[in-house]
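Q: Protein chains in written order, with numbering that gives the first Met the number 0: chain A, 0 to 449; chain B, 0 to 449.
It is worth saying that the hints were derived from the structure and are not from the lab.
One thing to keep in mind: the hints can contain errors.
Note that the list lumps identical chains together, so a pair holds whenever it fits in one copy or between two copies.
What the hints assert, rightly or not - Straight-line Cα separation of at most 27 Å, DSSO-like style, residue types lysine-lysine; simulated pairs:
#1 K2 to K166
#2 K140 to K2
#3 K66 to K140
#4 K310 to K437
#5 K140 to K251
#6 K287 to K200
#7 K66 to K437
#8 K447 to K85
#9 K251 to K287
#10 K447 to K163
#11 K120 to K144
#12 K370 to K120
#13 K120 to K208
#14 K144 to K247
#15 K73 to K437
#16 K28 to K437
#17 K120 to K226
#18 K447 to K66
#19 K57 to K370
#20 K195 to K144
#21 K200 to K120
#22 K37 to K144
For reference, the chains in residue letters:
There are 2 protein chains.
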Amino acid sequence: MEKTDVLVVGGSAAGIIAALTGKSSYPDKSFLLLRQEKQVMVPCGIPYIFGSLDSSDKNVIPDAVLKNAGVDIKIGEADSLDIPNKVCHVSDGSEIGFEKLVLAVGSTPTVPKWLKGAELKNVFTIPKSKEYIDGILDALKDVKKIITIGGGFIGVEMSDEINKRGKDVTIVEILPHILGLVFDDEIAISVEDLLKSRGVKVVSGVGVKEILGDGKVNGVLLSNGEKLEADAVILSMGYRPNVSIAEKAGMKLNELGFIDVDRYMRTENKDIFAAGDCAAKRDFVVGKPTGVMLASIACAEARTAGMNLYKLSSVKSFSGTIAIFATALGDLAFGAAGLTENQAAKEGLDIITGAFTGVDSHPGTLPSAHKQTIKLIAAQESGVILGGEVIGGPSTGELINLIGFAIQNRMTVNSMLTAQVGTHPLLTGSPIFYPLIKAAEAVCCGLKHS
Amino acid sequence: MEKTDVLVVGGSAAGIIAALTGKSSYPDKSFLLLRQEKQVMVPCGIPYIFGSLDSSDKNVIPDAVLKNAGVDIKIGEADSLDIPNKVCHVSDGSEIGFEKLVLAVGSTPTVPKWLKGAELKNVFTIPKSKEYIDGILDALKDVKKIITIGGGFIGVEMSDEINKRGKDVTIVEILPHILGLVFDDEIAISVEDLLKSRGVKVVSGVGVKEILGDGKVNGVLLSNGEKLEADAVILSMGYRPNVSIAEKAGMKLNELGFIDVDRYMRTENKDIFAAGDCAAKRDFVVGKPTGVMLASIACAEARTAGMNLYKLSSVKSFSGTIAIFATALGDLAFGAAGLTENQAAKEGLDIITGAFTGVDSHPGTLPSAHKQTIKLIAAQESGVILGGEVIGGPSTGELINLIGFAIQNRMTVNSMLTAQVGTHPLLTGSPIFYPLIKAAEAVCCGLKHS
Chain A
0 MEKTDVLVVG GSAAGIIAAL TGKSSYPDKS FLLLRQEKQV MVPCGIPYIF
50 GSLDSSDKNV IPDAVLKNAG VDIKIGEADS LDIPNKVCHV SDGSEIGFEK
100 LVLAVGSTPT VPKWLKGAEL KNVFTIPKSK EYIDGILDAL KDVKKIITIG
150 GGFIGVEMSD EINKRGKDVT IVEILPHILG LVFDDEIAIS VEDLLKSRGV
200 KVVSGVGVKE ILGDGKVNGV LLSNGEKLEA DAVILSMGYR PNVSIAEKAG
250 MKLNELGFID VDRYMRTENK DIFAAGDCAA KRDFVVGKPT GVMLASIACA
300 EARTAGMNLY KLSSVKSFSG TIAIFATALG DLAFGAAGLT ENQAAKEGLD
350 IITGAFTGVD SHPGTLPSAH KQTIKLIAAQ ESGVILGGEV IGGPSTGELI
400 NLIGFAIQNR MTVNSMLTAQ VGTHPLLTGS PIFYPLIKAA EAVCCGLKHS
Chain B
0 MEKTDVLVVG GSAAGIIAAL TGKSSYPDKS FLLLRQEKQV MVPCGIPYIF
50 GSLDSSDKNV IPDAVLKNAG VDIKIGEADS LDIPNKVCHV SDGSEIGFEK
100 LVLAVGSTPT VPKWLKGAEL KNVFTIPKSK EYIDGILDAL KDVKKIITIG
150 GGFIGVEMSD EINKRGKDVT IVEILPHILG LVFDDEIAIS VEDLLKSRGV
200 KVVSGVGVKE ILGDGKVNGV LLSNGEKLEA DAVILSMGYR PNVSIAEKAG
250 MKLNELGFID VDRYMRTENK DIFAAGDCAA KRDFVVGKPT GVMLASIACA
300 EARTAGMNLY KLSSVKSFSG TIAIFATALG DLAFGAAGLT ENQAAKEGLD
350 IITGAFTGVD SHPGTLPSAH KQTIKLIAAQ ESGVILGGEV IGGPSTGELI
400 NLIGFAIQNR MTVNSMLTAQ VGTHPLLTGS PIFYPLIKAA EAVCCGLKHS
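When you get a sec, could you build the whole thing from the sequences and use the hints?
A: Dropping the structure here:
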């Protein structure tokens, strides 16, 4: 039987980071990463294979990253765990003994059981498999009309990229607006309008009843009775955590069906950790389990797991999940961090919001200038910043991280008023109307009058 | 005699923000802003008038900003203050009575007394005067060879912009490298190399002895005896605070010659505030007086002054200056926040540094990807982050603000290891190799082995 000190199961973001961080924290231990895929894709890069990149080969994480760090790789599927004896059974019949185990087994695209027609030819999901993605790429070459079911990040990014290749793309979204779980309406509507202006059709506020076809897909029947023609359908209806191996081994799942972990990413068994899409997450603000899955969160969790494998650190622990996302359509970008106004209201938090629209370079007459809108969501009682949303140019990705840092450090809108930022004509809003501080001012103004 | 509740003297960033924040905090009070300039320029936009913008008219802050907020404007020069009677004497002979006063009188380009030839025709400084800048623009039309003396931000930005118009530009810098006060050598050398590759000549490590000419400038004599030909010379040798009005009124200056203020930006007299380039600054980390002047710092100080005019807020105070800068040459950008390694070493701080080079979008095969290097400077004892430097693409401006927030919140490299960020292929580095977290890892690795 093969033996390793630390076995990491799963080869995507969480697995790679757990192995790398673990090895760098405990260089004397041996690390083995077991994964199904021959080649690992950059997970968030997948939609861009269909437009901006011209092949999945450009979206591969090289194994050298692991090998150079001294992590061994084995290709194979973990079949079951013998926890008392600390052995992992691999589907090829081999066994791996371990001292510590990290489950980073990820998630799988959701296909609802009630959805008829999902098995038809040219109906695809978006898993993290290079072979499968290459298959979609190939199949889409000859089709004209594509329907994307589900207008979350992946559905929106895929649709915009496929549209760049001159296809007729329609997104069907059951919520009133695309990205409706991530953004408040005013931002979601902006994204929707932009997407439409770029040629992607959007049918929102309508569900899907059935996928139509005969062997091969030819259309989609909507919940309002309307039929849309389609040569191919992409299902981006969410993801569910891969927990079958944990379940089989009798490990505890949380109420949302994720592998239960503490703030060190340890499961009930102190030698078994979980990180990434398969691991339980608690919201940073509310403390309740949340189902948000992002590669960036997976990496933060995996770093925590890796550092705490053999020795718990009181400071290197995970204090709750803050969803921080961004995406871009052309040269406009959209981001969100923490709670939206809708989410906060649903949780019963007493909040106040403020927004400001400025520009992302200054003076606004510069050719590189984009409009930049920032909305902040703060606690009414304390002014603590709970969330933020941004529309702007390419700096949106790091700007939403700035708001993410404000949330993580429990900054208040008051502290934001005297916060120091650097500004530069070509790179940021003006020091006088820096939109983040102006949005905080708008919140403060509301606080004073409430 | 004209009377106002609050008199703000100075019309640039600090004056505008002090008036706007003051008026929004105390809407029942009357606000009058007294300034010399008929039209106010965006201060950091000035270098871009010489290249990217084609006229100073595109770099003007409209008066509507103040007028719409209910702030009155008077054009005139404050001549002297009668503090006991709370009266400001204006050079046109008029007087303005006030209850509260904010001095936001800015700074003036430094021309060393020993520098012969500074009075020659076609020798310019870069003040914040539209007429003067228009004069330079006009004069530069017919010249070929331009020498910039001083390779700080303004000298570098001016030179790169002028170079875009096909002029022969040489920067002379007395330090070993341009931007040597702001960046550690490795970053400064990168900027210098890029600037040279764009066609700007750089002579560094050499001082200037004299500006040569006969009525009109024709060259520069260097400290090594070499003579450089020039049809025009731009002096960007720093700025000194405008404190003559404060000095005449007997107000206290600090040891660097700035108007002394407390953390509410109050002078010794509780009814008189100062903010911006003329006001004293204390370094956030070291606590010592610092001479750094930036529009963004000016705005943070002015916001503090405006909020505390009539009622001190224990939380809305200024906790020390963190220099946060960024600049760009083409599509590459450079930023710094807090202390550099050099500065920290000079102050005697026991520090440790770490750096990482990744990309600013991912996979790195994306056409929009730039290399991104981040260096962090942390305290050896505690891991508290004291400074950071960035080279990267257009997201550098907000990324350096992210490091600025880490410094302001006294985050440690340990807390950075479990920090949550959002990542997106088109907008940021990858979640696996997000350069800021990898740089923190590099620091931690050094800490462990030291």
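Q: It remains to establish, for every hint, whether it holds in the given structure.
A: Here is what the structure says about each hint:
no. : hint         : result
1   : K2 to K166   : neither (51 Å within a copy, 68 Å between copies)
2   : K140 to K2   : neither (46 Å within a copy, 75 Å between copies)
3   : K66 to K140  : neither (36 Å within a copy, 59 Å between copies)
4   : K310 to K437 : between (44 Å within a copy, 21 Å between copies)
5   : K140 to K251 : neither (44 Å within a copy, 76 Å between copies)
6   : K287 to K200 : neither (36 Å within a copy, 59 Å between copies)
7   : K66 to K437  : between (48 Å within a copy, 18 Å between copies)
8   : K447 to K85  : neither (59 Å within a copy, 30 Å between copies)
9   : K251 to K287 : within (17 Å within a copy, 55 Å between copies)
10  : K447 to K163 : neither (48 Å within a copy, 49 Å between copies)
11  : K120 to K144 : within (14 Å within a copy, 69 Å between copies)
12  : K370 to K120 : neither (43 Å within a copy, 42 Å between copies)
13  : K120 to K208 : within (18 Å within a copy, 80 Å between copies)
14  : K144 to K247 : neither (42 Å within a copy, 78 Å between copies)
15  : K73 to K437  : between (52 Å within a copy, 26 Å between copies)
16  : K28 to K437  : between (51 Å within a copy, 21 Å between copies)
17  : K120 to K226 : within (18 Å within a copy, 78 Å between copies)
18  : K447 to K66  : between (57 Å within a copy, 23 Å between copies)
19  : K57 to K370  : between (32 Å within a copy, 17 Å between copies)
20  : K195 to K144 : within (16 Å within a copy, 51 Å between copies)
21  : K200 to K120 : within (23 Å within a copy, 63 Å between copies)
22  : K37 to K144  : neither (32 Å within a copy, 60 Å between copies)
Against the hints set out earlier in the document, violations occur for numbers 1, 2, 3, 5, 6, 8, 10, 12, 14, 22.
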